[in-house]
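Asker: Sequence:
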Amino acid sequence: MVHLARNKSSAHSMYIPKLFEETRVDIMHELIRAQPLATLVTLGPDGLNANHIPLHIASDTGAHGVIEGLLATGAPEGMEMAQLMKENPPA
174 MVHLARNKSS
184 AHSMYIPKLF
194 EETRVDIMHE
204 LIRAQPLATL
214 VTLGPDGLNA
224 NHIPLHIASD
234 TGAHGVIEGL
244 LATGAPEGME
254 MAQLMKENPP
264 A
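The numbering used here puts the first residue of the sequence shown at 174, with every later residue one more than the last.
Read the hints as simulated data drawn from the structure, not as lab findings.
Honestly, I wouldn't trust all of these hints.
Unchecked claim - The calculated SDA-like cross-link candidates involving lysine to any residue, where the alpha carbons are at most 20 Å apart (straight line), are:
id	residue 1	residue 2
1	K259	G217
2	K191	M201
3	K259	P218
4	K191	L204
5	K259	T246
6	K259	S232
7	K259	L216
8	K259	T215
9	K259	A245
I would like the entire structure built from these sequences, with the hints used as guidance.
Answerer: In structure tokens:
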């Protein structure tokens, strides 16, 4: 399993207008449980690739919970992710 984390001060954070901002952790967890599927879009040497990733929220882990997803390491995007993680290990 791959865990990726970025903090709010990261240059990779996404801007969210205040009108659409949701800060209530219980509401976000409820949404993830109700819609436990993400689309992972990657740009690799062969262009864009989009894949659906099943999600699970571990509410009792960490201050805000941890979202876990399953990505097959044998799939092209899984191999790309594994290579990225080797080159840029999480802090």
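Asker: Hint by hint, note whether the structure agrees.
Answerer: Evaluated hints:
Straight-line distance between C-alpha atoms of K259 and G217 comes to about 16 Å, which keeps the hinted pair within the 20 Å bound. At roughly 16 Å between alpha-carbon atoms, K191 and M201 fall within 20 Å of each other, so this suggested pair holds. At most 20 Å may separate the alpha-carbon atoms for a hinted pair to count; K259 and P218 meet this at roughly 18 Å. Distance restraint check for K191 and L204: the Cα-Cα separation of roughly 19 Å lies within the 20 Å cut-off, and the hinted pair is therefore satisfied.
Restraint check for K259 and T246: satisfied, since their Cα atoms lie roughly 13 Å apart, inside the 20 Å limit. Taking the CA atoms of K259 and S232, the gap is about 28 Å. The hint is violated against a cut of 20 Å. In summary, the hint linking K259 to L216 is supported, as the alpha carbons are separated by about 18 Å, within the 20 Å threshold. Proximity of K259 to T215 is assessed by CA-CA distance (about 17 Å); at most 20 Å being required, the pair is judged to hold.
A C-alpha spacing of about 16 Å is found between K259 and A245, which places the hinted pair at or below 20 Å, so the restraint holds.
Going through the hint list in order, the structure does not satisfy hint 6, though it satisfies all others.
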